[in-house]
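Undergrad: Fit chain B to the supplied structure of chain A, relying on the hints for placement.
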Amino acid sequence: MEPIIELRNVVKQFPGVLANDHVNLALYPGETHALVGENGAGKSTLMKILYGQYAPDEGEILIDGISCRYDVTGARQHKIGMVYQNFMQIPQMSILENIILGNAPVSKGMIDYASAEKKVRTYLERFHMPVSPHTLIRNLSVGERQKIEIIKVLYFDARILILDEPTAVLTPQESEELFQIIETLKEEQRSIVFISHKLREVIAVGDRITVMSKGRVVQEGWKRGEVTETEIARAMIGKQNVQLIQNQRENTPGKTVLELNKLWYFDELGVPRLRDLSLQVRSGEILGIGGVEGNGQTELIRILIGMLRPSYGEILVEQIDLTKASVAKRRQAGIGFVSDDRMTEGLVLDGTIEENVIAGNECDAKFSDGFLLKYGRIREYCKNLIGDYDIKGLTPGKHVKMLSGGNMQKIILAREIERKPKVLIAAQPTRGLDIGAINSVRELLLEQRKAGTAVILVSADLEELMSLSDRMLILFEGSISGEVTDVLHVTEEEIGLMMGGAGEHAEQKSH
Amino acid sequence: MDIVTILTVAVRHAGPVLLVAMGGLLASRVNIFNLALEGFMLIGAFSSIVGAFYTGNVWLGVLFGVLASTLMIIIYAVFIIELEVQPVVCAISIITLASGLTRYLLNPVFGVSGRYVLSSELAMPVVHMNWLEAIPVAGQILNNHSLLVYFALVLPFVLAFVINKTKYGLDIRAVGMNEEAAVSAGIHVRKVKYSALMINGILCGLGGAELALSVYMFNVGMTNGRGYTALAAITLAGCNPLLSLITCLLFGFAESLVVSLSGVGFSSYLLGMLPYALALVAAVAPQVARRCIHFIKRKKSETEMISEYYRN
Chain A
1 MEPIIELRNV VKQFPGVLAN DHVNLALYPG ETHALVGENG AGKSTLMKIL YGQYAPDEGE
61 ILIDGISCRY DVTGARQHKI GMVYQNFMQI PQMSILENII LGNAPVSKGM IDYASAEKKV
121 RTYLERFHMP VSPHTLIRNL SVGERQKIEI IKVLYFDARI LILDEPTAVL TPQESEELFQ
181 IIETLKEEQR SIVFISHKLR EVIAVGDRIT VMSKGRVVQE GWKRGEVTET EIARAMIGKQ
241 NVQLIQNQRE NTPGKTVLEL NKLWYFDELG VPRLRDLSLQ VRSGEILGIG GVEGNGQTEL
301 IRILIGMLRP SYGEILVEQI DLTKASVAKR RQAGIGFVSD DRMTEGLVLD GTIEENVIAG
361 NECDAKFSDG FLLKYGRIRE YCKNLIGDYD IKGLTPGKHV KMLSGGNMQK IILAREIERK
421 PKVLIAAQPT RGLDIGAINS VRELLLEQRK AGTAVILVSA DLEELMSLSD RMLILFEGSI
481 SGEVTDVLHV TEEEIGLMMG GAGEHAEQKS H
Chain B
512 MDIVTILTVA VRHAGPVLLV AMGGLLASRV NIFNLALEGF MLIGAFSSIV GAFYTGNVWL
572 GVLFGVLAST LMIIIYAVFI IELEVQPVVC AISIITLASG LTRYLLNPVF GVSGRYVLSS
632 ELAMPVVHMN WLEAIPVAGQ ILNNHSLLVY FALVLPFVLA FVINKTKYGL DIRAVGMNEE
692 AAVSAGIHVR KVKYSALMIN GILCGLGGAE LALSVYMFNV GMTNGRGYTA LAAITLAGCN
752 PLLSLITCLL FGFAESLVVS LSGVGFSSYL LGMLPYALAL VAAVAPQVAR RCIHFIKRKK
812 SETEMISEYY RN
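Here the protein sequences come in this chain order: A and B.
Going by this note's numbering, the first residue of the first sequence is number 1, and it counts up by one from there.
Going by this note's numbering, the first residue of the second sequence is number 512, and it counts up by one from there.
So that you can see chain A by itself, here it is in the shape it has in the complex:
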């Protein structure tokens, strides 16, 4: 069979990064081609080239055997459609308008809304969505928005669908539904590029599997059933040892350090983002907070560190009420924070490592005599941290933006941990890191647990939560939809149900 589309020797160079290094990829009609790789492996760049957003520096794209050069409009004319992970939708517009965007049918100079609506309705029915096409996108759930994103490309009859990490924001159940949709698309002889870094999904969905690493294809076109998760993982990171550090859960937690009582938060639009949220974290305990993104995690974190004020409820650290305390007061009271956005919130990228490690403590007598900074001392301190936390890639005085993600994260952890926090809030601490760095971060968090810190781990990665937490809470629409006390014996399916809000306030089944 002839490939429907083929990328040959595609090269794309960005300043300082060779994002795609002579990449080959072929896609056949009616197949799902899974593309796997760690963050920064070059998958997204390759797909942007395929969708005409970037022009390749070298190499060619063959569509039905003919070499083509095109932009986004051209890609759509070739019936190539992209389903983005951060949905490319306009929340203030209706479902209908979002779908016909760029393809609106016109009659007598006006958009033919009637005929478009008819067509959209058939798609909504097909995907079992009982909503009006005039519903605004912002009123939809994430799972529904994902389906709209697929309808958008089917609306112009795409034969090639690029799904960029489509399950990142879905519950396991919603993902399952998506896989069924993919099956029906294949039956219509459409081809799908499925990008993911979740190995289990890749094995389940991909007819063929291609692995990318550091801009290159390291394994091309493994067939379904020919390969195991471990083999893919090895190809992805190119190392034999893929063992991630686990919480051994050897000692029992101590007294309660942080307590939240009946927390409510209403956003600007008056929508409740947190509802009646109460929780306690004890010293020497890692409390994992899970849930599909956008179910109150961000608001909870921001309220804990003092960047948002709760509408109602109270926050206590060691029985001291911090509900109205400023960020600085909270930090003094012992709250440490590892931001999920290390590039803007966690670090000052244009600052030096010295400036970053003392940030927030610069008035400390150790670093300042009240007017001038004691640079000698600071440099000394910084040198010790670089050694203690194994921060690589710089000497004191260099800007931190030159560092890799893993080393950036180590600087943040060093800063927060050296303050000896009573409560450490870690938000997506390993997101985007390679496996070595993930293990360093995990180790640091477990050390904190051992030292008696109350750790709150907010993560979208179920595996990470299940490996590190002593106890887990699952958030759904701003309240706790389930608690997992026996983390060792819970299944992903059970957690998935809690993430979807099913069995609200369900306790974990006993085993």
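Everything labelled a hint here was simulated from the structure, so no lab data went into it.
Any given hint could turn out to be false.
Distance condition first, Cα-Cα at most 20 angstroms in a straight line; then the derived EDC-like pairs of lysine to aspartate or glutamate [as the list claims (entries may be wrong)]:
1) K808/B <-> E268/A
2) K374/A <-> E345/A
3) K48/A <-> E690/B
4) K678/B <-> E117/A
5) K198/A <-> D486/A
6) K811/B <-> D267/A
TA: Frame of chain A; chain B shown alone:
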């Protein structure tokens, strides 16, 4: 002065502002806050007088004004779209350039400074419609305006139609609301932005021409803040064309009130503030009121939601 005259003058004053406002509205809809409306309007006013002077034809004068302000806005567009200059910075240079250039060119072109008055034959003609006379009050208010004023009054309806019913309008809304999403939907974002700005330029030219040719003269700085007024009007109306029509008419009314009240002995200095004070009140008062009501409503709905939650 009777109220009918005041209202008639109000419509005449609102005309040029309305034209400029509709241009700025399109720019705002593609997410370009065009602070330089004042500058483009001034260029349009000056050039239309120059055009009418050299050609001896008022409509060729209008054309000249439109061409000049469109040319200027193309430069502005290239700077902000291609070179990614901050629109506000670019706007300030356009305004400065427009004010300096028109003041300077007055001398080499007309050999005068300060102002130049054309012969009254080159005044913008007014259209008299006999059938309007039959309608009391409204007929009088709407009669005897120039073609451009009538065009200005119809324009908001045209724009409302284009924005809400046509493909081009959908593209404009998409670009303004989420540029990335528009790109990914295959919309030519740059084309949409350029075209919206071009229309903006044409309308500013028309606004300037109406302002200058209706009194067949150019006065240094004669736009006198009308560009900003237009901007205030569309901002106040949330970039809705029909609401903008109302806010522009309101500004026209305030200005007309100033003219008539100063005629009966009120201090012209104090009255000069009236349109601006009115704009300020109109802009701020509803906001404050809305905020207050919103806050009370929110607290109420929040407590309701919470008590309902605990009841279940």
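Undergrad: Hint by hint, note whether the structure agrees.
TA: Taking the hints in turn, this is what the structure says about them:
1. K808/B <-> E268/A: At roughly 12 angstroms apart (the allowed maximum being 20 angstroms), E268/A and K808/B satisfy the hint.
2. K374/A <-> E345/A: Violated, at about 25 angstroms.
3. K48/A <-> E690/B: Distance ~16 angstroms between K48/A and E690/B Cα, so the pair holds.
4. K678/B <-> E117/A: Holds: K678/B and E117/A sit about 15 angstroms apart, inside 20 angstroms.
5. K198/A <-> D486/A: Measuring from Cα to Cα gives roughly 24 angstroms; hence the hint is violated.
6. K811/B <-> D267/A: holds, 14 angstroms
The structure is inconsistent with the numbered hints 2 and 5, although it conforms to all the rest.
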